[in-house]
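Undergrad: So in this note's numbering, spot 415 of the sequence shown is number 415, and the numbers just go up one at a time.
Keep in mind the hints are simulated off the structure, nothing from the lab.
Some clues are possibly wrong.
Computed beta-carbon distance windows for the label pairs [to be verified]: (1) 320 / 469: 34 to 44 Å; (2) 532 / 73: 28 to 38 Å; (3) 320 / 116: 51 to 61 Å; (4) 6 / 116: 26 to 36 Å; (5) 222 / 112: 33 to 43 Å; (6) 137 / 469: 43 to 53 Å; (7) 65 / 383: 34 to 44 Å; (8) 511 / 533: 11 to 21 Å.
The beta carbon of each residue, even a glycine, is placed where N, CA and C say it ideally should be.
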Amino acid sequence: MFSSVTLSHLHFSWPDGDVVFDDVSGAFNPGRTGLVGANGCGKSTLLRLVAGRLRPTSGTVVVCGEVAHLPQTIASGATDTVADLLGVRRQLDALHAIERGSTDQVHYETLGDAWDVEARVEETLHVVRRAGGALAALDAGRLVSTLSGGEAMALAVAGCRLRRAPITLLDEPTNNLDAGLRAVVAEWITDWPGTLIVVSHDTGLLESMDFTAELFGGELTVFGGPYSQWRLATDDEQAAAEQAVKAARQGLVVAKRQRAATLERSTRSLARGKQKALGEGLGKSARYHRQGGAEASAGRTRGVADDRLAAARSALAEAAERVRPDEHISIQLPDPGVHASLRIAEFVWDSGSYIAVGPERVALAGRNGIGKTTLIETMLGLRDSRDSGVRGTLAGVRVGYLPQRLDTLVEAASALDNVLAAAPAATPATVRAGLARLLIRGDAVFRPVRDLSGGERFRVALARLLLADPPPQLLILDEPTNNLDMTSVDQLVETLSQYRGAILVVSHDAGFLRRLGVTVTLRLEATGITVVRGS
1 MFSSVTLSHL
11 HFSWPDGDVV
21 FDDVSGAFNP
31 GRTGLVGANG
41 CGKSTLLRLV
51 AGRLRPTSGT
61 VVVCGEVAHL
71 PQTIASGATD
81 TVADLLGVRR
91 QLDALHAIER
101 GSTDQVHYET
111 LGDAWDVEAR
121 VEETLHVVRR
131 AGGALAALDA
141 GRLVSTLSGG
151 EAMALAVAGC
161 RLRRAPITLL
171 DEPTNNLDAG
181 LRAVVAEWIT
191 DWPGTLIVVS
201 HDTGLLESMD
211 FTAELFGGEL
221 TVFGGPYSQW
231 RLATDDEQAA
241 AEQAVKAARQ
251 GLVVAKRQRA
261 ATLERSTRSL
271 ARGKQKALGE
281 GLGKSARYHR
291 QGGAEASAGR
301 TRGVADDRLA
311 AARSALAEAA
321 ERVRPDEHIS
331 IQLPDPGVHA
341 SLRIAEFVWD
351 SGSYIAVGPE
361 RVALAGRNGI
371 GKTTLIETML
381 GLRDSRDSGV
391 RGTLAGVRVG
401 YLPQRLDTLV
411 EAASALDNVL
421 AAAPAATPAT
431 VRAGLARLLI
441 RGDAVFRPVR
451 DLSGGERFRV
461 ALARLLLADP
471 PPQLLILDEP
481 TNNLDMTSVD
491 QLVETLSQYR
501 GAILVVSHDA
511 GFLRRLGVTV
521 TLRLEATGIT
531 VVRGS
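My request is simple: use the sequences and hints to build the entire structure.
TA: Okay, here's the thing in structure tokens:
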């Protein structure tokens, strides 16, 4: 089959020498491929290499055609509009100039053959508007800064589709999306033309793929089928690998016993032979000759036993290599001192109010663009208050904030320095130990945050919260499961289950909220809040 993207002996390492890929080869075929793997295995880095945003240290990446790339983090300027997000602003400006009578050749060159660009943009925006909410009156001139994270993500995906590139790379395209926008993006992906490679932890999206590719153990493997079929095959493979390890361990035990028995028999046999030779009255020379033969035979027997033991050890090592490691986030959280009657926060609207007290777990819900992040940032003093119908105030408690875009991290600083800034009294060794328990180890602690994967960046931001001194009494988490693989989400739930403070969380992942133990949901609406009790 013709391959759209081919990797040959690909090697890539960061400037600090940390190796991401070492002799990776593989190919992506036309159609839709879901790219999976544990956080930090190099999925986003691979997309950046394919897109030409990074250069291989050695080896080659061959792409057959233009590449459109949606990164995990959408960068935009203060004056950027929806047209910029869609990647068509220059074409639209050129078209409008020509329609006003301009004959400047630059405008014609900019527009090219995209005379239908305005119609295609309107068709795209019409689909997005169907999701409702604040997007109902969307137009190409709207500022990106007025959009929510989910709205911006959906439109950035739309921009990649508008480009009609032969190869498209989407990195976590459903991050921050509510149910309506998630359905829109899923609809686009169902009939996406050309070659589409999607990095995602959204199992629903991965289920619509034609192929599933995995980065694991420094190798890229491609499976013909969607996520659930790949998962089933992988689970069967792991079950077989674990069974092989059990069998190899048992074989090693048997080989050790056999070697010990062989040594014991050889020792007894040599002793009996010596006694027999003495009893037969053999001369010294004859006794030495017989003993030498017996020892040679015993040596051959021991050699066979040693070979069997070595083979058993080798079989165990080979079987163990096939079993995937179970790396586990493990961190002990200090008690933040939140007693049951401690006032945490108050939310007030025209028809009611809600006061969070003690170590409550509260979810702030609502569709994209309704103002959840705005409300949180207003409470934290990060933006000016606005008349939105809902006012929120904090009750003077210590707060740890994990923003949606992780923009509280200093990009040029290392993971270690970012965490030390939140815990200035801690020693570098203590912080390194804490980062290691969050799976940021070795030279990775010294790498600039901008070079880390989305999952690694999240764990650094989480470390800033959990290792802060003094510890926060309220954790505010805005879409904390973005960019996390399924295992990391499980471990995040386990870690937060130990936390004895209050939690205010924004998430569109209902399963995560249920497992987190949310007992109250504040559903943000245009006119106020609906309080829903229960998980």
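Undergrad: Are the hints correct? Go through all of them and say.
TA: The hints, checked one at a time:
1. 320 / 469: 34 to 44 Å: With a Cβ separation near 40 Å, residue 320 and residue 469 satisfy 34 to 44 Å, so the hint holds.
2. 532 / 73: 28 to 38 Å: holds (32 Å)
3. 320 / 116: 51 to 61 Å: Given about 59 Å between the Cβ atoms, the range holds.
4. 6 / 116: 26 to 36 Å: At roughly 33 Å between Cβ atoms, residue 116 and residue 6 fall inside 26 to 36 Å, so the hint holds.
5. 222 / 112: 33 to 43 Å: holds (35 Å)
6. 137 / 469: 43 to 53 Å: Cβ of residue 137 to Cβ of residue 469: about 47 Å, so the range 43 to 53 Å holds.
7. 65 / 383: 34 to 44 Å: This hint holds: roughly 42 Å between Cβ atoms.
8. 511 / 533: 11 to 21 Å: Distance hint for residue 511, residue 533 holds at roughly 19 Å.
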